[in-house]
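Whenever a hint applies, use it, and build me the whole structure from the sequences.
Sequential numbering from 0 applies to the sequence shown in numbering that gives the first Met the number 0.
These are calculated hints, taken from the structure and not from any lab test.
The structure presented is a predicted model; accordingly, all values stated were derived computationally and were not measured.
Some clues are possibly wrong.
What the hints assert, rightly or not - Think about it this way: if two alpha-carbon atoms lie no more than 30 Å apart in a straight line, the pair counts; the simulated DSBU-like pairs of lysine-lysine are:
1. K95 <-> K42
2. K30 <-> K64
3. K64 <-> K84
4. K42 <-> K30
5. K64 <-> K75
6. K64 <-> K95
7. K84 <-> K97
8. K84 <-> K98
9. K84 <-> K42
10. K97 <-> K42
11. K30 <-> K15
12. K98 <-> K42
13. K97 <-> K64
14. K91 <-> K75
15. K30 <-> K98
16. K3 <-> K15
17. K84 <-> K95
18. K42 <-> K91
19. K97 <-> K30
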Amino acid sequence: MVLKEDLEKQLEAANKLIRDYRSQERVLGDKIRVLESEIISGKEQERVLNDRFENIESMMQTIIKILAGEANGESKAAVITDLLKIRVDRLKEELKYKKQNIYHNQKEYY
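Pasting the structure below:
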């Protein structure tokens, strides 16, 4: 009879340890998800800053090319048209990247 009571107590203790472990596992899982979210947010902020820098750099290059094009006798309209074509190509690439990123994030979510 004593052996049965000891086994029941050990079983209860083991079940409590399992519940505690699962609770800790859930808490750690939540913390991991928060950290992953912060990492993604940081990467997004970095990407936004890089985009802004690239836009500023692009504007500077545009001004230089317009000035250089006029010096070479090209019309301002022709230079701007060429630059707009380049910008459209860059935007298409960026859109493609964003679509892939959204697909990847959805895939991870599900």
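Quick rundown of the hints versus the structure:
Using a Cα cut-off of 30 Å, the hinted pair K95 and K42 holds, with the two alpha carbons roughly 18 Å apart. Taking the CA atoms of K30 and K64, the gap is near 50 Å; set against the 30 Å cutoff, the hint is violated. Restraint check: the Cα-Cα separation between K64 and K84 comes to about 14 Å, which is no more than 30 Å; the hinted pair holds. For the hint pairing K42 with K30, the CA-to-CA distance comes to about 18 Å; that is within 30 Å, so the pair holds.
Taking the CA atoms of K64 and K75, the gap is near 9 Å; set against the 30 Å cutoff, the hint holds. Between K64 and K95 the CA atoms are separated by roughly 27 Å; this keeps the pair inside 30 Å, and the hint holds. With a C-alpha separation of about 20 Å, the suggested pair K84 and K97 falls inside the 30 Å cut-off, and the hint holds. For the given pair, K84 sits about 21 Å from K98 by alpha-carbon distance, which is consistent with the 30 Å threshold.
A C-alpha spacing of about 28 Å is found between K84 and K42, which places the hinted pair at or below 30 Å, so the restraint holds. Proximity of K97 to K42 is assessed by CA-CA distance (about 13 Å); at most 30 Å being required, the pair is judged to hold. Proposed proximity of K30 and K15 is supported: the alpha carbons are some 23 Å apart, at most 30 Å. Using a Cα cut-off of 30 Å, the hinted pair K98 and K42 holds, with the two alpha carbons roughly 16 Å apart.
Proximity of K97 to K64 is assessed by CA-CA distance (about 29 Å); at most 30 Å being required, the pair is judged to hold. Restraint check: the Cα-Cα separation between K91 and K75 comes to about 24 Å, which is no more than 30 Å; the hinted pair holds. Annotation: proposed proximity of K30 to K98 holds, straight-line Cα distance about 28 Å (limit 30 Å). Using a Cα cut-off of 30 Å, the hinted pair K3 and K15 holds, with the two alpha carbons roughly 18 Å apart.
With a C-alpha separation of about 17 Å, the suggested pair K84 and K95 falls inside the 30 Å cut-off, and the hint holds. With a C-alpha separation of about 21 Å, the suggested pairing of K42 with K91 holds against the 30 Å cut-off. At most 30 Å may separate the alpha-carbon atoms for a hinted pair to count; K97 and K30 meet this at roughly 27 Å.
Hint 2 from the earlier list is the only one contradicted by this structure; the remaining hints agree with it.
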